[in-house]
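Participant: The whole structure should be built from the sequences, with the hints applied where relevant.
2 protein chains.
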Amino acid sequence: MYDRIKGFRDFYPAEMAARREATDVIESTARRYGFREIATPALERAEMWTDKSGDEIVEELYAFEDKGGRHVALTPELTPTVARMVVARGQELTKPIKWFSTRPFWRYEQVQQGRQREFYQTNVDIFGSAEPAADAEILGWAADALTGLGLTGDHFEFRISHRDVLGGLLESFDADVDVTAAIRAVDKSEKISRGAYLELLVDAGLDHDAAVEFADLVAAGELDDVVAAADSERVTDAVENLRAVLDAAAAVGAREYCTISLETARGLDYYTGVVFECFDSTGEVSRSIFGGGRYDDLIESVGGPPTPAVGVAPGHATLELLCRRAGVWPEEAIETDYYVLTVGDTRGEAARIARELRERGHVVETDVAGRSFGAQLEYADSINAETTVIVGERDLEAGQVTVKDMASGDQLQVAVEAFPGDHDRPTFETFAE
Amino acid sequence: MYDRIKGFRDFYPAEMAARREATDVIESTARRYGFREIATPALERAEMWTDKSGDEIVEELYAFEDKGGRHVALTPELTPTVARMVVARGQELTKPIKWFSTRPFWRYEQVQQGRQREFYQTNVDIFGSAEPAADAEILGWAADALTGLGLTGDHFEFRISHRDVLGGLLESFDADVDVTAAIRAVDKSEKISRGAYLELLVDAGLDHDAAVEFADLVAAGELDDVVAAADSERVTDAVENLRAVLDAAAAVGAREYCTISLETARGLDYYTGVVFECFDSTGEVSRSIFGGGRYDDLIESVGGPPTPAVGVAPGHATLELLCRRAGVWPEEAIETDYYVLTVGDTRGEAARIARELRERGHVVETDVAGRSFGAQLEYADSINAETTVIVGERDLEAGQVTVKDMASGDQLQVAVEAFPGDHDRPTFETFAE
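In order, the protein sequences belong to chains D and W. Residue numbers for the first sequence follow the working numbering, so the first one is 1 and each next one is one higher. Residue numbers for the second sequence follow the working numbering, so the first one is 1001 and each next one is one higher.
Worth flagging that the hints you see were computed from the coordinates, not collected in a lab. Careful, some of the hints might be misleading.
Partner residues aside, some chain D positions facing chain W, computed with beta carbon under 10 Å [said to hold, decoys possible]:
#1 E15
#2 R358
#3 E378
The list that follows gives simulated cross-link-like pairs (lysine-lysine, BS3-like), each with its CA atoms no further than 25 Å apart [said to hold, decoys possible]:
#4 K52/D <-> K1006/W
#5 K1006/W <-> K67/D
#6 K52/D <-> K188/D
Note that the coordinates shown come from a computational prediction; the quantities given were computed from them, not determined experimentally. Backbone N, C-alpha and C fix where the C-beta goes; we use that ideal spot for every residue, glycine too.
Facilitator: Written as structure tokens, this is what we have:
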């Protein structure tokens, strides 16, 4: 017997039912916003990632040579693929382009709770608008998806900032500072000691006093103070943009979930504007649930025309952790509307009833294993059948079937032609009146 | 710019909309039959396939060593994975186990029409029942899925047979015949000359006269003649089982699509009982659309308890070819219920209308790019908006919005509080009466 590979999961029906329900909420919310579904390859040229050396993602890449000698990789993220797709059909596509998709990605990482080597994400992106309304639409979708899952403002918050607030502030202290390194330091600041944090800022090029002042301004998060301290057009513009996004978020109903948090800097270097991360409000799930933001340079960097972009990609595993913590993860159980039980030579009539119920859209099982009355009833119970229709030989001779409510055990006989007859969804209750 | 890898496809929104519609039909049909969705890893131990040497599938495997030194493969099919899953939880699972899933698989094959290196299948299987009713349920599901897509008996047929009819007949001619080789010859018989076919049968161990008689009996497909010629319990039992499956198929409404065809032997050696292939009735799509059958030995062969099994796995690419040929492939276009157009300082009210329409489940877009009236109307047209709601400053001052039917161009003004107000899905028609 072969074992499953570490970091990969099998989803059996009960777990999958919960997962499907959650995914349906997430995706139907995206559809209602007019995001359009796309589907993308599992494999891409490995060079998409290896050409940008030094990235953590390269270390975690499942890369290999295919039988045609291509250097390929299992995609660890969607963004380079959608960038490729936007560039490939850039001229024909009406802007803004609004796309979503749910699929697995792969990274060879340390396996831990909420982090597998195969992990599912729903990517939601807008290409072709630099307006705050686009950032707000991403926030609005994310808020609606989370509240659609049953979460509330007591469970989650969006910590929001703008890359240029930090970048501009850093430059105002020292024009030669390594902004990327300093922003990475901010990104880590909550997980390391203040001493270590300040040391990283000094390593990035700030002198010690500047590092302290910078760290204090960031921690306080007062936009007016930051604007005053920086006294730079870049910071002023960034704060203005951040405020415009928050105003637009108010219009779509997402403002109440947003907290300004200048520490929120996102690890990925390609973000260019507003960035945000979703956190568990209680802090029980300590790391970021997911993050997103604006990445206006990416399409151009892969050979496309200048194309502003903003997006988010919730990972389903951390989302599940958050929902479980909040007690709103869907029940892990399969559901069945009807079990049609056949006893004796009644298979034809049972099949007719099953067929008519299925035509009405219901989940219907019937015997496919030639089992006894008792074994069938036990099976109906195991699949959580709501109603069992017993099609027995003697009943049938009298023109009747028995309708059994599985929760109460109550049952009664009804005319066979009334099942389902004109009823859309007949149950014990339908006939008990 | 990186190029897409050969044999892999990008699905843009319009194509994807058609594909999603088709997949929804296929999957909702499976759900109504009580098949339960599962999800499975993209990677498995390569040994799952390489341990059985000589298989064509091994030549086409995307296999490599992962960073942990594991020999892994992108799964080229689902069956070994579900077998592993059934064995892993065999004791806890209520039988029969009825599972389905839709996902991509990967084979390094020659790329041609309807055959990519990344291809999507919906696998539908029943484990734990050896009864003809289980085989019939698979046929019933397949027939309902195809008719659900808009196909009829004029478009497709299931060619059905039983492995042991050929196996038993071959043994009755010569006990030492290489049955697997001879069945492979039958599988190829329609694609090669009669001479070449007979030669393959002789290679498999039949003498020339026996090969001719065998070939004629198979081509005629008269079950009674085959039973008489073989005079073996194995063939008699196989024919009896095949007939029982056809009777059960009649009960579920699938008999009318089935044609007995002893040539239908399926290339895969793991089939043990009834086998069937779906063909284009007109012959325009010349190869099999998909195939399936009974594989009672597989679970045991991977270390599990004896577990009868039957299943089918339609590939979406060939299914699409069949649907296109029949003119029933869904339209490749995106759909939008509402575009909410905002002119002047009306973003707040526009957002309110968009939000309320989305809460009612509709697909709604609004401006996220700060565009002019004309550009917005053009965009609304490009996304096939059915209704555009124009929220203008002057209109709004008068407490009104304009409702425009995009197909006819007709428009009228309605009270802003009536949109959507109590209406579930207000359109121009709602107010035109």
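Participant: Work down the list of hints and note, for each, if the structure agrees.
Facilitator: Here's how the hints hold up against the structure:
For the restraint placing E15/D at the interface with chain W, the shortest Cβ-Cβ distance is roughly 9 Å, inside the 10 Å limit, so the hint holds. Proximity of R358/D to chain W holds as hinted, the smallest CB-CB distance being about 4 Å (cut-off 10 Å). Evaluation of the E378/D hint against chain W yields a held restraint, the C-beta minimum of about 8 Å falling below 10 Å. Simply put, K52/D and K1006/W have alpha-carbon atoms about 23 Å apart, close enough for the 25 Å limit, and the pair holds.
With a C-alpha separation of about 12 Å, the suggested pairing of K1006/W with K67/D holds against the 25 Å cut-off. Simply put, K52/D and K188/D have alpha-carbon atoms about 22 Å apart, close enough for the 25 Å limit, and the pair holds.
Every hint from the earlier list agrees with this structure, and none is contradicted.
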